Amino acid sequence: MTRHFCFWGLRIDSDLELPELPTACGNPPGPPEVRIERVGPARLREPRPPATLGYLGFRVPGVATYEVIEGREIRVGPLAGASPGTVRLFLLGSAWAGLCYQRGLYPLHAGVSRFGAGAVAFCGPPGTGKSTLAAALAANGCQPVSDDLCRLDFDQEGCPQVWPGAARHKLHPESVELALPFTEATEDEAGSGKLLLPWSQAPPTKPVPLAALVLLDWHEAFPELQRATGAEGLRELVAGATYRGGFVDEMGLVAEHWKALAQAARRAPIYRLLRPRGAFYLDWTRSLLLRTFGGVRAGATTPR
Amino acid sequence: MHQAPASELVTIYGRAAGVVFDRLDDELLAIDREGGWCYSLNETAGRVWELLERPARAADLCAALAEEYEVAGDECREEVLSLLEELREYGIVERHGTSVG
Numbered sequence: 001m002t003r004h005f006c007f008w009g010l011r012i013d014s015d016l017e018l019p020e021l022p023t024a025c026g027n028p029p030g031p032p033e034v035r036i037e038r039v040g041p042a043r044l045r046e047p048r049p050p051a052t053l054g055y056l057g058f059r060v061p062g063v064a065t066y067e068v069i070e071g072r073e074i075r076v077g078p079l080a081g082a083s084p085g086t087v088r089l090f091l092l093g094s095a096w097a098g099l100c101y102q103r104g105l106y107p108l109h110a111g112v113s114r115f116g117a118g119a120v121a122f123c124g125p126p127g128t129g130k131s132t133l134a135a136a137l138a139a140n141g142c143q144p145v146s147d148d149l150c151r152l153d154f155d156q157e158g159c160p161q162v163w164p165g166a167a168r169h170k171l172h173p174e175s176v177e178l179a180l181p182f183t184e185a186t187e188d189e190a191g192s193g194k195l196l197l198p199w200s201q202a203p204p205t206k207p208v209p210l211a212a213l214v215l216l217d218w219h220e221a222f223p224e225l226q227r228a229t230g231a232e233g234l235r236e237l238v239a240g241a242t243y244r245g246g247f248v249d250e251m252g253l254v255a256e257h258w259k260a261l262a263q264a265a266r267r268a269p270i271y272r273l274l275r276p277r278g279a280f281y282l283d284w285t286r287s288l289l290l291r292t293f294g295g296v297r298a299g300a301t302t303p304r
Numbered sequence: 305m306h307q308a309p310a311s312e313l314v315t316i317y318g319r320a321a322g323v324v325f326d327r328l329d330d331e332l333l334a335i336d337r338e339g340g341w342c343y344s345l346n347e348t349a350g351r352v353w354e355l356l357e358r359p360a361r362a363a364d365l366c367a368a369l370a371e372e373y374e375v376a377g378d379e380c381r382e383e384v385l386s387l388l389e390e391l392r393e394y395g396i397v398e399r400h401g402t403s404v405g
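Protein chains in written order, with the numbering used here: chain A, 1 to 304; chain B, 305 to 405.
These are computed hints drawn from the structure, not numbers from a lab.
Here the structure is a predicted model, which is why all the values come from computation and not from measurement.
Treat each hint with caution, since some may be false.
[To be verified] Ranges of calculated distance between the beta carbons of each label pair, as one might list FRET restraints: (1) A:Leu79 <-> B:Glu393: 46 to 54 Å; (2) B:Gly318 <-> A:Ala202: 19 to 27 Å; (3) A:Arg291 <-> B:Glu372: 39 to 47 Å; (4) B:Glu374 <-> A:Gly158: 53 to 61 Å.
Ideal placement from N, C-alpha and C gives every residue a C-beta, glycine not left out.
The whole structure should be built from the sequences, with the hints applied where relevant.
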């Protein structure tokens with residue numbers, strides 16, 4: 001049976017059930033932009049050629065083989081005994097990111113929250129608190145836009161915008177205990193050890209203009225927000241916000257990727273949010289962010 | 305006074321093919337296509353890059369910059385040649401042969 005979904009502005013037809021994604025409303029007009037097909041080993045290329053804009057293939061041991069073709073098709077060959085949740089984890093993570101790169105879209109590794117009319121993207125390597133911060137801000141009334149991965153692109157005037165991600169927070173149990181008012185946590189089927197919490201607010205229904213990019217990092221003092229400018233800021237942004245950078249290299253998209261992030265940063269300034277490792281100071285951090293971004297107008301140049 | 309060798313002055317320089325340039329926060333950025341590095345160019349290096357929209361002889365770049373920055377010819381030549389070689393070592397510009405025309 002084919003299921004219909006709509007995610008990041010793309011209509012998807014899938015052989016696999018994808019409970020993480022919103023279902024398409026009614027019968028979407030026209031053919032789907034993306035087809036997700038479940039296939040047996042005979043349909044998968046072996047050996048897999050190198051990644052290009054036309055083909056990306058990879059195998060996750062014990063889980064599945066994935067092939068992404070010309071930005072419009074993902075073939076999934078689950079291995080015997082693999083849990084459906086784990087198969088989806090790599091389908092909606094690595095394979096989806098590869099498909100986006102093939103389509104000229106930019107998967108941004110960020111938790112994103114809405115501040116007024118604009119979105120602020122919190123970027124950084126795993127473990128730096130992207131999801132926890134987005135959840136904490138949601139508890140304080142900032143509408144969540146993305147938990148971990150979102151689509152970045154540009155509107156007709158070249159202004160950066162982000163598309164809503166899967167409508168749930170994915171948090172370590174210890175983060176859930178940071179007095180966040182969520183009760184409906186379920187265990188992540190993919191075996192990440194994290195808990196999934198549905199958003200308490202409805203997600204945005206369309207892309208949100210990007211107002212700022214915030215890199216999460218550590219220092220020894222109280223939480224502090226700093227501007228990161230020029231080449232130094234861009235280098236940190238590329239390092240912190242690029243999802244599956246190996247695909248970017250292999251597909252020959254490095255220059256386009258850097259230029260896209262520079263284009264985003266021209267309208268959405270880069271900041272560093274520094275805090276002591278292991279201490280969130282959530283109230284202080286929330287208040288700092290709300291003071292800084294509460295009145296930010298997306299697309300406008302903010303003070304340095 | 306040190307005189308730049310004539311052979312250096314007739315060398316033609318151009319923007320390196322493997323580099324893309326962009327602006328961010330008043331900085332001119334040179335980004336390696338392979339993702340190996342991203343440099344910020346200072347004002348003079350940025351002006352050299354602008355002048356290299358088409359490949360140009362070092363002598364012509366020196367003359368243009370000496371006039372713009374109102375610097376004595378000899379002093380400017382030495383600094384520009386040194387800058388061009390530095391940019392070449394970083395992979396931002398390339399030599400395109402020589403021209404005596």
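Structure-based check of each hint:
1. A:Leu79 <-> B:Glu393: 46 to 54 Å: Because 50 Å falls inside the window, the suggested range holds.
2. B:Gly318 <-> A:Ala202: 19 to 27 Å: 54 Å, violated
3. A:Arg291 <-> B:Glu372: 39 to 47 Å: Roughly 44 Å apart at Cβ, these two residues keep to the hinted range, so it holds.
4. B:Glu374 <-> A:Gly158: 53 to 61 Å: 38 Å, violated
Hint compliance for this structure: hints 2 and 4 are broken, all remaining hints hold.
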